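Undergrad: One-letter residues, chain by chain:
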Amino acid sequence: MSRAAHSPARSAAAHAVLIAYTAIALFPVLLIVINSLKSRNAIFRSPLALPTPETFDPVGYTTVMAQGDFLLYFQNSLIVTVGSLFFVILFGAMAAFALSEYRFRGNTLTGLYLALGIMIPIRLGTVAILQMMVASGLVNTLTALILVYTAQGLPLCIFILSEFMKTVSDDLKNAGRIDGLSEYRIFFRLVLPLVRPAMATVAVFTMIPIWNDLWFPLILAPSEGTKTVTLGAQIFIGQFVTNWNAVLAALSLAILPVLVLYLIFSRQLIRGITSGAVK
Amino acid sequence: MGSLKIENVKKSFGKVDVLKGIDLEVQDGEFVVFVGPSGCGKSTLLRVIAGLEDATSGKVLIDGVNVVNTPPAKRGIAMVFQTYALYPHLTVRDNMGLGLKQAGTPTAEIDKRIGIASAMLSLEPYLQRRPAELSGGQRQRVAIGRAVVREPKLFLFDEPLSNLDAALRVNTRLEIAQLHRRLKATMIYVTHDQVEAMTLADKIVVLNAGRIEQVGAPMELYNSPANEFVAGFIGSPKMNFVDGARLGDGGAKTVGVRPEHLSVSASSGEWRGTVVHAEHLGADTNLYLDCEKAGLITVRIFGVYNAEPGATIYATPQPGKIFRFDAEGRAIR
Amino acid sequence: MGSLKIENVKKSFGKVDVLKGIDLEVQDGEFVVFVGPSGCGKSTLLRVIAGLEDATSGKVLIDGVNVVNTPPAKRGIAMVFQTYALYPHLTVRDNMGLGLKQAGTPTAEIDKRIGIASAMLSLEPYLQRRPAELSGGQRQRVAIGRAVVREPKLFLFDEPLSNLDAALRVNTRLEIAQLHRRLKATMIYVTHDQVEAMTLADKIVVLNAGRIEQVGAPMELYNSPANEFVAGFIGSPKMNFVDGARLGDGGAKTVGVRPEHLSVSASSGEWRGTVVHAEHLGADTNLYLDCEKAGLITVRIFGVYNAEPGATIYATPQPGKIFRFDAEGRAIR
Amino acid sequence: QDKTLTIESWRNDDLAIWQEKLIPAFEKANPGIKVVFSPSAPTEYNAALNAKLDAGSAGDLITCRPFDASLDLYTKGHLADLSSLPGMENFSDVAKSAWQTDDGKATFCVPMASVIHGFIYNADAFQQLGITPPATEAEFFAALDKIKADGNYIPMAMGTKDLWEAATMGYQNIGPNYWKGEEGRLALIKGEQKLTDPQWVEPYATLAKWKDYLGDGFEAQTYPDSQNLFTLGRAAIYPAGSWEISGFNTQAQFKMGAFPPPVKTAGDTCYISDHTDIAVGLNAKSPNADAAKTFLSWVASPEFATIYANALPGFFSLNNAAVKMEDPLAQEFVSWREKCKPTIRSTYQILSRGTPNLENETWVESANVINGTDTPQVAGEKLQKGLDAWYKPAK
Amino acid sequence: MSVDDQPIKKPFRWHILVFLAPAFLVYTAFMIVPLAGTLQLSLFRRIDQQLVYVGLDNFRMLFGDPRWSVNFWNALWNNVWFFIIHMLVQNPIGVLLAALLSSPTLRFRAFYRTAIFVPTVLSFVIVGFVWKLILSPLWGVAPSLLNSVGLRSLFAPWLGKEEYALTALSLISVWQFVGIPMMLIYAALLSIPDEVIEAAEMDGITGISQFWKIKLPLILPSIGIISILTFVGNFNAFDLIYTAQGALAGPNFSTDILGTFLYRAFFGFQLQLGDPNMGAAIATMMFLIILAGVAVYLFAIQTRLRRYQF
Ligand SMILES: Nc1ncnc2c1ncn2[C@@H]1O[C@H](COP(=O)(O)OP(=O)(O)OP(=O)(O)O)[C@@H](O)[C@H]1O
Ligand SMILES: Nc1ncnc2c1ncn2[C@@H]1O[C@H](COP(=O)(O)OP(=O)(O)OP(=O)(O)O)[C@@H](O)[C@H]1O
Ligand SMILES: [Mg+2]
Ligand SMILES: [Mg+2]
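Residue numbers (our numbering), protein chains in the order written: chain A, 1 to 279; chain B, 1001 to 1333; chain C, 2001 to 2333; chain D, 3001 to 3395; chain E, 4001 to 4310.
Honestly, the hints are just simulated from the structure, not real lab data. Wrong hints could be hidden among the right ones.
[Said to hold, decoys possible] Derived coverage of chain C by chain B (criterion: at least 3 residues anywhere in the stretch with Cβ under 8 Å from a Cβ of chain B; other residues may be distant):
(1) 2033-2039
(2) 2160-2171
(3) 2216-2222
(4) 2233-2240
(5) 2297-2311
The structure displayed is predicted, hence computed values, not measured ones. All residues carry an ideal CB built from backbone N, CA and C; glycine is no exception.
Whole structure, please, built from the sequences with the hints as guidance.
TA: Here's what the structure looks like:
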C-alpha cells in the first residue's frame, strides 16, 4: 500500500507507543547484560551503572567457560530444541490439517483429546516417563528429551495451527484436488507454505519452553555428555550461595541461540502470503 | 472416455435451494456451454460435477460410473475456477506444472506443455512471477493455463475469459476450440458472452434459478427458443416483448421480436415510434424507440445510423421472425 | 469538484515498468473509459489515482490539488476493485453501508441508499448474506453497490460488469449511466467490453503497455483511429490488416478494413476467397475467408448467412471505409 | 574394570571440593573405584531424587536430608540399612538421630555435618561504634539501638521475603534459649508443652521487636539480599547459620566475629541450635553396593571428617574424633558447643510429618510476626492448631 | 433395484489416519499415558506402604478438610486474579502492539518485534532475578527510577506485601509473556488480504475504526485462541511464582496459585513430604477446571466463531 495511506501523525504516535513499550521490555534485559559484566560488589552497589574500568569484571563469563563443557551444553540444547521442533511442527501440522480439513466422526473430540496435554503439568508424569526411558534404555540420551518435548509441544501446535489452517481458502485446496494432488501433497505443497507465519509463531512458542526447561534434562539426561545449557547453568545456583555472576553470564549467553532461532523464524512472518490467490 | 450424465441433481445450502433437479447428458467429446443469469447455479453445478460440492441428492455419472464417492482428484477433470484459485506461493510456471508433476509427467514433457500453454495465453514473460504480481487478466490466463496443460478428458471452464480484452478473448476462444478438437475432450463451459456461447458450443444449456430451461444447438436456441426466458436470454440486445393483446394477436399472451429483426424507415412502417436514445457502437447502432403500439422497444441496425432523440421512426418486424408465447411463457409453434 | 489531472505518472514494480509516463486530463463530470490489452496498466493507473499505490514519479491532481500525500480516505473517491475486495465478515448490507456509517450518514439515509443500490443491482434477496454465500456475479454487484452508495465526486470502476450476464450487464450499464447524470460525478471506468466502452464513454482512453495510445470520443476512435493499434483494438471482430504492397497501395505500409465494412457476394467482388470457418451468432455471422489477395480476413455479415467452409466467396471493401497506416503504424489521413 | 559410583546431592556449592579434594583422596586410597559427584539445584533435589529412585535411574550414593525426607526413602526401600556399616561406630547416637528409624534400630545414612546458628557481626563496625558482642538480650537490643542511632549501618541484615530466613535464622536461632533446647523440644513432641506456651511464644515476641532494626523494605528482601547487604558492609549484624562462613570469608572485606544467641539474663544457661544437616546413604538398588559401602566407610572415617570440615568451614563434622579446624570464625562457632547446650531445630523431628506441615507453617508465621501481620500469640495459636489437627502425641 | 442404487460405502479415508497417527502416538505414549497413570493415583492412598483404593476420599479430604480446602480455595482465587490481570493487561497490550506492528508502512518493525519478544525468551531464573533486583528496596533500581520522575513516595516493597505481591507478579508475568499474544495476533493480522484493507481505506475507514470494524472481526478466532491459551497457561502457571516467591508462595500464601499448591502437595517441600495421591487429586481438580474452560471454548465459542478464508 502507498505511503500516503498513513499520515505522519499516526505513525509518530505508533512509534511513540512502540518505543515506550520497547523500553519497558528491554530495560530489565539490559540490566542483566550490564550486570553480567560487573563484579558482584558492583552489581549490588549500583545495579544501574554501566560497567566502568573499575567495576568491569568478566568473571561470570570466565567462570562459565572454565566450568564444565559449555560448548557441549549449547550443542545439546540446540540438538534437542531443533530436533523436537522439527517433530512438533511436522506431526503437529499434520494432525492440525486432519482436524481442520476433514469432517469425520469424533473430530472435535479428537481435537479435545489432543489438547488435554496442555491442561496438566507434564511434570506430574515424570515417574512414568522416566520408567519408560529406563525400560527402553534411553536415559541420558538426547532422544529421550526429544521424545518428551515432542509430545509436550504437540497440543499447542495442533491447537494454533488448526485454527490458522481453517483460513486457507477451500478453493485453493480444491484447485489442488482438481489438479490431481493427493491429500499429502495438498498438505505439504499448498497448506504448509500458506500457513508459514503461523508455523513460525508455533515454532517460537514451542522452542522457548524447551530451551529453558530444567526439569526433564535434570531427570532424563543429567549426565555430563547430555547436559543442556539451562541445566549446566544450575551448577552455579547453590544451596546458600549463588554465583550470580556466573548464572547471569550463562543465562545471558543462553539467550543468544534462542534469539537467533527467533530471528530465523520471524523471517517467515510475511505479509500477503495468500494475495493473488482468489478473486 | 469423458461422457457425463447428471440425474436429478439437487443442491441446497441450508434453506437456499440452488439446484432444483438437474438432468443432463453430455456426450463424449461434446462442447457444452452453460448460460444463465447471475446466481442461477452454474458454478454450483460445475462444482458438483467436479466433486467439490456434494449434491444434496441425485447422481453424477462420468463414463457411466457413479462418481459420488470418487474424490475430485480421481475424476480426471481439469477446472478453471471463477475465482481463479491460483497457488499464491508458486510462480506461474509452477502453478501450471504442479498437477503434471504430481502425475509423474517427465520434466521435459511438463516444460513442453507449459511452453505451449503459455504461448497460447501470451504468458511467457510472466512465467517466473507469482500471482500477486499479475494483472487480473493475467491471473485468469494462468488459471486457464493450469487447466489446459493437464489435457484431461473433461474440462470445466467457469467464465474463463471474462477478464480478457477483446482480441485476447477471440484468440483464446479459438485456442480452446482447437484444443477441444485436438484432445477430443469433453468441455463444459460457463459464460455470459453470447459470442462465446454461440461460437463454441455444440450444445447450449440454459439455466434459470436452478432449473434447466432448454438444451440445444446454438442456432436452435436462437431460432426456436422453448420459452420466453430462453428467447430473452439468447441474443443481445434482448428480444423485444410486446403484449399480444395490444398487437391484436389473440392467440398469444406475448409476442417477441428480436432487435435485429426490425427494419426501420423514416417514413413508413408498422410501428410508429419516437427515438428515446441511440447507442452508436461503430459496427452497429441500437435505437431505443417508444412506440404507440408496442411500447419501449430496441432496434438494432447494422452500421452507423444517425437518429436524433425525439425523431419519429417506423419499425417493421421482418416477416417470419416473430415469436409467440402463451400465458405460461411457452413458445407457440 | 471531481476534475482530475495526471502528469507524467510513471510506476515501476522493481524492474518492471508498468506505467511509462501517463498524461491525462479528465474534466469534472466526465465519463472516461480506459481500454487496453490485459496487463497494460489500467488497474495500476486506477490504483495510483486512488492513492493505493505510490507513483514512482509524476503528479496526480484532483481539483487542481496535488494529492500525492493525501491518503486514499481523504481523496473522496469510491472504487470498485477488479478483485471485489469485499469485507468477508460483513453481510451484503453492511458491506455497502460501512463507509456511509463511518462518514456519519444518518441511518435512514443509509437504508435509503442501500435500498436504491440493491434494487438497481437486483441484490435485495441477498442483503443478509455474506460474500462467501454469493455467486461470482453477485459478489461483483456488491462491489459495485459498495461504491455506488457513497455517491462521491469521483468513481473508479475496474471492470465492474465482467462477471454479469448480458441482461444484467445492460441494465447495470444503464444504471451507471443514469447515476453519472444524476450525481454529475466524474467516472473512470475500465472495461474490455466494446459495447460498454462505446455506449458509456464521453472519452475513451486507449492504453497500451503503459502508454496512452489515443484519447477521444468513442466514434472518433472508431472512425479515425490514430494508429494501427487503436484501429485494431476498437471494434470487434478486429479490423483486417492487409499488407499495402500486396494490394498495390504504394503509399501505405498496411491497409485496414473492418469486418463490417466488407460486402460479400457469391459471384463477384474485389477479393476472391475461400470460406475457412463461419461463426453464426444469430444476429450476425462472422466469415473467415482466405483470400488470394488479402490473406486471412474476417467478414461480418448482418443476420444469418449460410456459407459452407470451402465455398468461394468474394469480399469487397466498402468505399471510403478503408484505413491506411504508414511504416510506424500511424494512420495516414 | 573400574566401578563408578555416582553421588546424588543438592550441594552444587560443594562441587569443587568434591572434585578437587575429596574424590582424589578417596580414589587414591581405593583404586578401582571411580566417584562422580552429581549435584542438582537444591530446590529441585527432593523431587528429582524421588522420581529417579522410583524409576530406578538414581545414583549409587544418595545425599540424605535430615529426618523424614530420608526416613521416607528408607521405608519405601530406596535406602539401604547401614546400621552395621564399618565406621558407623564413629558417630554418637545424637549424631545419627536424624537418619534413624523412630525406634533407633536402623541407621540408613552416614552423618556428614551439622550447622550451628548464631550471629555474625561486622567487627570493624562494632569497633567503630564501640560495641562489644552482646551476651544478653538487653545488651543485644542496646547494641542494635546504638547502631541504628549512628545511622551508618543497617543494624541487622535479615529479610522476610524468603520466609525461611525468618524461621531458621530468627526463630530457631534464638528459640532454644527460651524453650531450653532439648528439654522443650522433647516435651513438645511428647505433648507436654504446647506452642502456645510462653516459652514458645516469647521468641516470637522478641522477633517482632527485630522489625525496627531491619533494612528498609525488608518484606521484599531475599536471602541473597541479606547476604549481600552484610558482606558489602552495609549491615552490622547478621543472624546466621555457620554455613555462611566460607562464603562470607571470600566476600566480606572487613573483619568478622560471631556471638551465640544472647540469653535473657546474664548467667542463664545458653542453648544453641547445632543442627544435624547432611548425611550420605546407599541406594538400595545400587549395582555397586560393595564399592559404595567402601566409600561410605571412608566417609565415616576421621580422614574424611578433617578434609570436609576444613574445606567447608561452617559444616561441622559429626564424627566423634576431634577435628582440628583452621578457620577462626568456625572455631568460634564450634567453641559454643563447650559452653552451651546444643539442640536441633524444634520442628524437624516427627512434628513435620503431617498436614499442615509444622515447618512450613513456622516459616510463614515467623515472617508474619516480623512483618507485623500476626501477633506472637496468634502465631503460636495458629501453629498449635495446625499441629493439633493431626499430631496425637502418645500419652 | 439396480446395482447402482446400492448405497455405496464411502471409501475409508486413510489419509486422515496417516495425518493423525504420528502426533497421536507420540502424544499418547509420552503424555497421556504417564499423566493418566498419575491422575488415577488420586483414587488411591498409601497406607502402610500399600496403595489402597479409596474412591473419592482424597477429594473429600481436599474439599472437606480445612487443612486442604482453605489452601485450595486461596490458590484458586489467586489464580483467578492472576488470570484476570493477564486478560485485562497482557492480551490488550499484545493486541495493541501487534496492531501497531502490522501497519505495512511501519519502519523498524523487525527491531520492535524482536525487542518486545526478548523477555519471552528469557528463562524464569533470569526473570525472577532481575525483577527481584529491580523491585528490591535495597539496591534502588525502582526507587531511583521512581525518584527521577518524582514518584518515590509510591514505592513499596511490593513483592513482600501481601496486598501487592500477587498483582506485582502477575504484571511481571505479563511483561514476560506479552510477546505471545503479540506474535500470534501479528501472524493473524498478516493473513488479512491487503485488498480488504485497501477497500477499507477507500471507504474512509482508517486507523482505529479500521481495526475495530475490519481487522478485529477477521482475527476473532485468534483472539479466542490467545484467551484460551492464557487461561490454560495461567491455571497451569508455576515457574515464575516458584522462582520469585519460592514454593511457599509468600508472603503468607498470598501468591499461592494452583501450580505452587500442587507442587508442594505432589513433590513435597522442605520437610513436607510429597503426597502423590493428594497431589494427583489437586491435579485432577486443576485438570477439570481447565478442561471445563477449554470445553466451553471448543464447543460453545469456537464453533460459533466465524472464520474467513483468504
Ligand atoms: N507487484 C507487481 N510486480 C511486478 N509486476 C506487476 C505487479 N503488479 C502488477 N504488475 C504488472 O503490471 C502490469 C499492469 O498490471 P495491471 O493490473 O495494471 O494491468 P491491467 O491493465 O489492469 O490488466 P487486466 O486487464 O488484465 O486487469 C501487468 O503486466 C502486471 O503483470
Ligand atoms: N454457501 C452458500 N450459501 C447460500 N447460498 C449460496 C451459497 N453459495 C452460493 N449460493 C447461492 O447459490 C446461487 C447459485 O450460485 P452460483 O455460484 O452457482 O451462481 P452462478 O450461476 O455461478 O452465478 P454467477 O454467474 O454470478 O457466477 C446463488 O444465488 C448464490 O447466492
Ligand atoms: Mg458462477
Ligand atoms: Mg486490471
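Undergrad: Run the structure past the numbered hints and jot down the numbers of the failing ones, going up.
TA: none
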